[in-house]
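Protein chains: 4
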Amino acid sequence: MSIRIKFLKDVRIENPYLIVGFPGIGYVAKFALDYIVEKIKAEKFAEIYSYSFPSFIIVKSNGLAEPIRTELYYSNNFIFITGNAQPITPEGQHELSDFIISELMRKYKISMIYAMAAYVVEGRVEEPKVYGVVTDPLLIEFLKKYGISPMSGGSISGANGIILTYAKEMGIPAVCLLSETLPYTYGYYADVKAAKALVEVITSITGIKIDMTDIEEKAKGFEIALRKFKEAEETTIKEEREKEWKRDLTYLW
Amino acid sequence: MSIRIKFLKDVRIENPYLIVGFPGIGYVAKFALDYIVEKIKAEKFAEIYSYSFPSFIIVKSNGLAEPIRTELYYSNNFIFITGNAQPITPEGQHELSDFIISELMRKYKISMIYAMAAYVVEGRVEEPKVYGVVTDPLLIEFLKKYGISPMSGGSISGANGIILTYAKEMGIPAVCLLSETLPYTYGYYADVKAAKALVEVITSITGIKIDMTDIEEKAKGFEIALRKFKEAEETTIKEEREKEWKRDLTYLW
Amino acid sequence: MSIRIKFLKDVRIENPYLIVGFPGIGYVAKFALDYIVEKIKAEKFAEIYSYSFPSFIIVKSNGLAEPIRTELYYSNNFIFITGNAQPITPEGQHELSDFIISELMRKYKISMIYAMAAYVVEGRVEEPKVYGVVTDPLLIEFLKKYGISPMSGGSISGANGIILTYAKEMGIPAVCLLSETLPYTYGYYADVKAAKALVEVITSITGIKIDMTDIEEKAKGFEIALRKFKEAEETTIKEEREKEWKRDLTYLW
Amino acid sequence: MSIRIKFLKDVRIENPYLIVGFPGIGYVAKFALDYIVEKIKAEKFAEIYSYSFPSFIIVKSNGLAEPIRTELYYSNNFIFITGNAQPITPEGQHELSDFIISELMRKYKISMIYAMAAYVVEGRVEEPKVYGVVTDPLLIEFLKKYGISPMSGGSISGANGIILTYAKEMGIPAVCLLSETLPYTYGYYADVKAAKALVEVITSITGIKIDMTDIEEKAKGFEIALRKFKEAEETTIKEEREKEWKRDLTYLW
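Going down the list, the sequences are from chains B, W, G and E.
All residue numbers for the first sequence refer to this note's numbering, where the first residue is 76 and numbers rise by one.
All residue numbers for the second sequence refer to this note's numbering, where the first residue is 76 and numbers rise by one.
All residue numbers for the third sequence refer to this note's numbering, where the first residue is 76 and numbers rise by one.
All residue numbers for the fourth sequence refer to this note's numbering, where the first residue is 76 and numbers rise by one.
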């Protein structure tokens with residue numbers, strides 16, 4: 076079988092809430108999910124292996140091999156879903172999303188799904204806003220109750236979006252929460268500010284209580300690093316323009 | 076399973092006629108199909124989900140998630156097939172076409188299939204002509220009865236064409252009707268004039284009666300928009316040529 | 076199922092010889108195979124449909140739809156295998172080759188397989204030579220008996236080569252015969268000279284008797300067309316060089 | 076089935092050690108594995124065929140066709156795994172790695188897996204160092220016992236790395252040994268020095284006794300060839316720079 080789940084522990088949960096955060100744009104959703112999992116000490120109980128993951132193995136700093144896989148954690152009646160990569164093909168992303176929902180539905184039923192994602196916006200975002208996308212018109216009111224604006228068009232790519240397809244097909248209420256992020260790539264760094272906004276919304280909706288100190292600290296650090304990055308970028312652009320201008324002059328004389 | 080059908084309603088149809096219009100070149104076939112479905116108030120009774128659809132979810136203006144899927148509508152003994160996307164791989168297009176025919180054949184039998192498509196032609200088309208491609212030599216006469224010229228060579232790409240492969244394999248008579256369209260992309264706009272020509276032919280063949288007022292209005296609007304677009308394009312080309320010509324002069328002097 | 080065979084006729088053959096000629100480089104193998112099939116009036120008895128074929132349907136000049144498929148013809152104890160396209164993915168080419176062998180082996184057993192292919196050589200080939208590649212060392216002697224030199228290294232791509240993989244796995248003796256062809260693309264035209272050389276070798280090995288007049292005529296026509304093409308090409312190259320030379324002069328003065 | 080194993084011989088091995096060396100960077104792992112197999116006269120007992128191998132057949136210098144396949148050799152309680160190519164898709168590499176482990180686990184159980192690979196480093200490596208990556212923290216001590224440094228981050232691509240994913244999933248202890256190699260491509264030549272280092276480590280760990288004379292000779296030859304190659308490269312770079320510099324002068328005057 077090209078996809079399968081390996082249970083590490085027999086967990087008894089009934090009608091759990093799923094919280095999904097696969098690595099994606101700006102690493103926002105994964106950072107937010109990892110933070111919650113760490114702070115509430117959620118326990119890993121299952122792993123999903125798929126042929127559609129990238130074909131390498133990660134090497135950790137101590138020489139330990141880390142396979143590419145999806146990880147499932149739980150705490151109370153919450154299941155947290157993340158992993159170190161998304162499937163590399165569209166078919167693989169469909170298969171993984173469908174597999175997660177059908178396996179967990181069959182075993183535990185599912186009350187509701189919260190997927191997290193990032194929403195790229197141009198320009199400076201002082202405080203990233205969180206938007207919502209829902210599988211059922213009734214959920215729009217639910218969003219508004221928590222001050223979340225419905226996203227007004229566009230699309231959500233990858234497993235964090237596609238999971239709503241299979242939720243909707245199965246009739247499971249699902250919400251995708253998207254935090255504003257900037258169109259930058261930060262290498263291996265996550266947009267912590269955007270992640271923090273997601274954590275705030277998710278904890279507010281679900282009633283999960285967590286210590287926000289660490290993520291607030293990191294968000295501030297990210298803010299400073301980003302400012303420096305942008306200043307450096309502007310300096311570079313300015314210098315480039317001056318160089319070009321001088322080159323143009325050379326041509327003229 | 077990587078493809079599956081979800082029935083929303085138990086429909087009793089016997090030996091239905093299939094009318095197929097997937098989104099393709101100039102959005103012609105889909106626009107035509109949607110128009111007929113809307114005007115005769117055909118009812119959606121099934122959806123097809125496939126792993127080979129693009130891996131995103133569409134967000135509508137009200138924040139509602141719309142999965143990529145194939146939709147099946149019915150009215151009397153007609154089944155209408157469309158969707159918001161085609162599978163992104165050739166394998167996926169084959170699988171979907173084969174799946175539609177084998178599922179509907181098994182459940183209802185199929186009398187005949189009318190697929191719609193667009194046929195790109197160079198130059199100005201005052202009134203788009205509709206061409207026909209058939210799975211059986213006997214159907215050539217059928218085309219001529221309705222004044223439809225057989226297409227004289229070439230190929231038809233995508234699900235609107237491939238469905239004839241599986242119709243022919245299963246021995247189901249099938250016709251693909253192709254409306255002339257211009258080699259332009261209109262962004263999100265459909266070539267309504269080409270779609271109108273398809274609607275006229277399909278309704279004439281099937282005896283489906285529908286109000287053409289709206290599509291005629293939109294076709295006129297499209298005609299005007301297209302004329303403006305072409306004028307703008309010609310102006311741009313002229314200006315570009317003049318610019319180039321001036322640049323050439325600069326080099327000479 | 077993503078690949079399947081449709082029998083048009085119940086044929087009783089025992090331990091047949093397979094002759095394989097899929098369209099490939101210079102259309103050589105297919106042209107050779109089609110010529111033999113036509114001349115000995117071999118009868119089509121089966122078709123293979125696969126999701127890995129290109130996703131379009133061919134339109135013939137009379138408006139008839141021709142699906143992409145593999146076609147199986149027979150005459151006496153020979154089965155001829157060709158089609159209007161090869162699968163577009165490596166996986167698809169493996170699957171088709173494996174499927175052909177396992178289906179025909181199960182139903183009829185197979186005595187031996189002759190696959191045809193083209194071998195691109197640089198420079199002018201007065202009379203294209205035919206090389207052989209075999210699945211069993213014992214077959215080298217067999218080749219020499221018919222004056223066929225063993226190919227001395229390299230590889231054979233596509234279904235005409237891959238079929239030897241599954242022949243060898245199943246223990247069926249198989250030979251691939253490759254005719255020298257030039258590194259040109261002739262658009263829709265086949266390298267008839269190369270095809271003629273294959274037909275001569277295949278008929279000599281198998282004892283199939285066919286009239287060679289037509290292919291000899293066409294090979295002569297091809298020869299003349301090719302000579303003109305090469306002259307035109309040389310003229311173009313000469314003119315291009317002169318143009319460049321003049322341009323260089325312009326820069327110098 | 077798109078992947079399958081063909082047993083050439085019924086071998087009775089219990090809890091074997093797997094030594095894996097697929098062709099990869101610098102042909103290092105394959106060269107090392109082939110050398111051990113040849114020297115200890117390990118016997119081929121199985122072949123694996125997969126649709127995800129490249130779609131061609133290799134032609135040997137005597138005209139014999141060699142299919143792309145994975146080959147399994149054995150000697151005592153060791154199974155050696157190599158082949159003439161890796162699957163061309165990530166899915167295929169996952170499938171092959173998973174298939175090897177599940178087939179051999181089911182049939183023989185597996186005590187441990189040693190995979191070989193290459194590790195690209197910049198700059199001159201006098202004596203290539205061998206690094207280790209392990210599936211279990213307990214194996215780090217094992218590495219150190221043999222003087223092998225744990226690799227400190229990064230990733231291992233292809234079947235030689237991916238096989239650790241499925242080893243870890245199945246709870247089989249596995250080590251990947253990576254020999255330093257230079258970022259050059261040597262065409263069809265292997266980095267024999269890097270391969271020699273792997274052979275030394277593998278034989279030291281497993282207690283396999285083999286004659287090292289040939290590989291030491293070849294490593295010396297490789298060393299000389301590499302030195303010449305680098306000198307030639309440096310000369311070329313120098314000449315190129317001089318040419319550029321002269322061209323620049325031409326522009327200036």
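Simulated from the structure, these hints should not be mistaken for lab results.
A couple of the hints might just be wrong.
Since the list gives no way to pick out one identical chain from another, each pair is judged satisfied if it fits inside one copy or across any two copies.
[Said to hold, decoys possible] With a straight-line Cα cutoff of 16 Å, these simulated EDC-like cross-link-like pairs (lysine to aspartate or glutamate) come out:
{"hint": "1", "residue 1": "135", "residue 2": "211"}
{"hint": "2", "residue 1": "293", "residue 2": "89"}
{"hint": "3", "residue 1": "305", "residue 2": "178"}
{"hint": "4", "residue 1": "295", "residue 2": "170"}
{"hint": "5", "residue 1": "219", "residue 2": "286"}
{"hint": "6", "residue 1": "84", "residue 2": "244"}
{"hint": "7", "residue 1": "116", "residue 2": "317"}
{"hint": "8", "residue 1": "81", "residue 2": "244"}
Q: State whether the alpha carbon distance between residue 135 and residue 211 is at most 16 Å within one copy, between copies, both, or neither.
A: Cα proximity of residue 135 and residue 211: across copies only (12 Å, versus 42 Å in one copy).
Q. Checking residue 293 and residue 89: alpha-carbon separation at most 16 Å within a copy, between copies, both or neither?
A. neither (35 Å within a copy, 53 Å between copies)
Q: Have a look at residue 84 and residue 244 and pick one of within, between, both or neither, based on CA distance no larger than 16 Å.
A: Between copies only: 14 Å across chains, 29 Å inside a chain, cut-off 16 Å.
Q | Homo-oligomer pair classification [residue 244, residue 81; C-alpha up to 16 Å] | A | between (25 Å within a copy, 8 Å between copies)
Q. How would you label the pair residue 305, residue 178 (within, between, both, or neither) given a Cα cut-off of 16 Å?
A. Neither: 45 Å inside a copy, 54 Å across copies.
**Q.** Intra- versus inter-subunit Cα pairing at 16 Å for residue 219 with residue 286
**A.** neither (25 Å within a copy, 41 Å between copies)
**Q.** 16 Å Cα threshold - placement of residue 317 relative to residue 116
**A.** So residue 116 and residue 317 fail the 16 Å test inside a copy (53 Å) and across (63 Å) alike.
**Q.** Intra/inter-copy verdict for residue 295 and residue 170 if alpha-carbon distance must be at most 16 Å
**A.** Intra 38 Å, inter 44 Å, cutoff 16 Å: neither.
This entry does not satisfy hints 2, 3, 4, 5 and 7, going by the numbered hints stated previously.
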